[in-house]
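Visitor: Sequence:
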Amino acid sequence: MPFALIDCNNFYVSCERAFQPKLEGKPVVVLSNNDGCVVSRSNEAKALGLQMGEPWFKMEKLAKQHGIIAFSSNYTLYGDLSARVMSILSTFAPRQEVYSIDECFLDLSGFDPASLTSYCQKMRQTIQRNVGLPVCVGIAETKTLAKLANHCAKKGFFGANGVCDFGLLDDTQRSALFSSISAGEIWGVGRRISEKLLTMKIKTIEDLRTANLERMRSQFSVVMARTVQELNGVSCLELEKVGKARQQIVVSRSFGSMITELDDLSESIAYFTTRAAEKLRGDGSVAASIAVFIYTNPFKEDAPQYNGSITVALSHPSDDTRELIKAALSGLREIYRSGFHYKKSGIQLMGLQGKGTIQPTLFDDTEKQSKSTTVMRTMDAINRKMGKGSVTLAASGIQQRWAMHRGRHSRNFTTDWGELMVVGEDK
DNA sequence: TCTGGGGTCCTAGGACCC
DNA sequence: TCTGGGGTCCTAGGACCC
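Each position in the first sequence, counted from 1, maps to that position plus 2 in my numbering.
Treat the hints as calculated values from the structure; they're not laboratory data.
Hints are supplied without guarantee of correctness; some may be wrong.
Stated by the list, open to error - Restraint ranges, calculated between C-beta atoms of paired labels, are given here: (1) Lys390 to Arg219: 39 to 49 Å; (2) Met3 to Thr376: 19 to 29 Å; (3) Ser181 to Glu336: 54 to 64 Å; (4) Asn11 to Asn299: 43 to 53 Å; (5) Met406 to Ile337: 57 to 67 Å; (6) Val236 to Asn414: 25 to 35 Å; (7) Val244 to Asn414: 20 to 30 Å; (8) Val244 to Gly391: 48 to 58 Å; (9) Arg131 to Leu64: 51 to 61 Å.
The beta carbon of each residue, even a glycine, is placed where N, CA and C say it ideally should be.
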């Protein structure tokens with residue numbers, strides 16, 4: 003049964019371009035939080051040699067030379083456009099797995115194999131017309147091969163015009179293609195595994211596809227064995243159910259500037275916990291424990307380094323922001339050491355389970371718990387209506403000395419009434 | 001001066017139990 | 001002198017992904 007993998011090209015950059023057509027044809031990049039690293043590049047920026055994940059301050063000279071345009075990341079905008087793309091794609095097949103913000107799998111079984119290419123071209127045109135984003139489609143009989151086909155579609159192999167269907171290749175063509183691509187391009191084969199594969203004389207995808215399955219399993223793991231099977235057309239990875247609840251929720255940020263005081267760290271931890279608790283309630287889950295971590299700046303090698311972390315168990319699983327903050331701050335007080343310059347902090351909610359499934363214990367105060375649910379629901383409702391952060395707990399602070407820098411933020415064209423695009427405005 | 005954030009899965013090893 | 005073994009559960013760490 004064929005899978006399609008639809009992936010937006012240079013997603014964040016394309017989102018910025020969708021609202022500013024003058025950016026078309028120019029080198030454009032989108033930066034990570036604090037304008038730290040390059041996380042999305044237009045083809046023109048790639049051609050200039052800008053690398054993914056490269057610190058922006060190292061590229062600024064090059065950027066000036068070539069007139070590269072940089073944006074701070076605008077996740078509100080990207081999230082909204084992503085939802086539109088996914089919603090359109092869901093109408094093209096009975097089953098969809100949204101794999102990440104910019105890509106999804108579709109189950110194409112039952113469709114006429116001969117017309118898959120033209121069908122997927124129609125998907126591309128619809129997304130382009132309705133959302134203004136370019137996408138590529140890979141089609142193959144396993145998810146791993148569909149990812150690879152998508153890669154080929156992007157590169158224009160076999161004259162692919164944004165769509166590549168491995169079902170149209172015979173064995174000889176596949177072998178030739180696989181022999182021309184290095185194993186590191188495969189989904190699930192990262193840097194470390196590539197290195198180890200090289201020492202085993204496995205360089206290309208074809209080398210990996212024809213490698214001994216048992217040897218791969220013992221040298222690596224069952225994950226690698228599955229990958230090899232998938233390369234041979236044996237499907238091991240099913241389409242995953244949509245809306246599966248997460249197993250952990252992490253919220254962390256680097257600070258805009260260094261922080262030394264416990265008070266400032268506490269504010270950041272309370273703020274991150276608030277965000278995480280909102281996500282938790284959005285999933286309809288409760289957490290059994292919360293981990294807290296604080297880091298100094300690892301790039302400042304001459305400065306004293308300290309990484310602290312701790313996991314605090316809650317007395318009972320909860321989704322109450324106040325209880326989570328209380329636990330997080332008690333953990334923070336234990337790991338905090340004065341005299342260090344902190345660069346980053348974060349929290350992680352663990353032991354997540356559906357709120358309806360928890361076992362009440364003898365000591366649970368059910369009245370208090372239902373009150374807590376009401377308070378949190380009200381807070382969430384107000385924040386949804388009036389904008390994020392309208393109602394927060396005092397612990398999150400108002401000074402927020404640790405807040406990040408985002409000097410190159412584009413407008414929230416689609417999600418904020420005050421920032422809508424005005425027809426005829428000078429761009 | 002300036003170096004992201006949020007996830008998943010697997011494995012090894014320790015704790016604990018009988 | 002000689003000090004079990006197997007199962008389960010949990011956690012930390014490592015690998016990967018976008």
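Visitor: Does each hint hold? Answer for all of them.
Guide: Hints and how they fare:
1. Remark: the range hint 39 to 49 Å for lysine 390 to arginine 219 is upheld by a beta-carbon distance near 47 Å.
2. Checked against the hint of 19 to 29 Å, the C-beta distance between methionine 3 and threonine 376 comes to roughly 47 Å, which is inconsistent with it.
3. Taking the beta carbon of each, serine 181 and glutamate 336 are about 56 Å apart, inside 54 to 64 Å as hinted.
4. Take asparagine 11 and asparagine 299: their Cβ atoms lie about 34 Å apart, and the range 43 to 53 Å is violated.
5. A C-beta distance of roughly 22 Å is found between methionine 406 and isoleucine 337, which places it outside the suggested range of 57 to 67 Å.
6. In this structure the supplied range 25 to 35 Å is violated for valine 236 paired with asparagine 414, their Cβ-Cβ distance being about 45 Å.
7. As the Cβ distance of valine 244 to asparagine 414 is approximately 26 Å, the hint placing it in 20 to 30 Å holds.
8. Separated by about 29 Å at the C-beta atoms, valine 244 and glycine 391 break the suggested range of 48 to 58 Å.
9. Restraint check, arginine 131 to leucine 64: a C-beta distance of roughly 35 Å breaks the suggested window 51 to 61 Å.
Of the hints listed earlier, those the structure fails to meet are numbers 2, 4, 5, 6, 8 and 9, in rising order.
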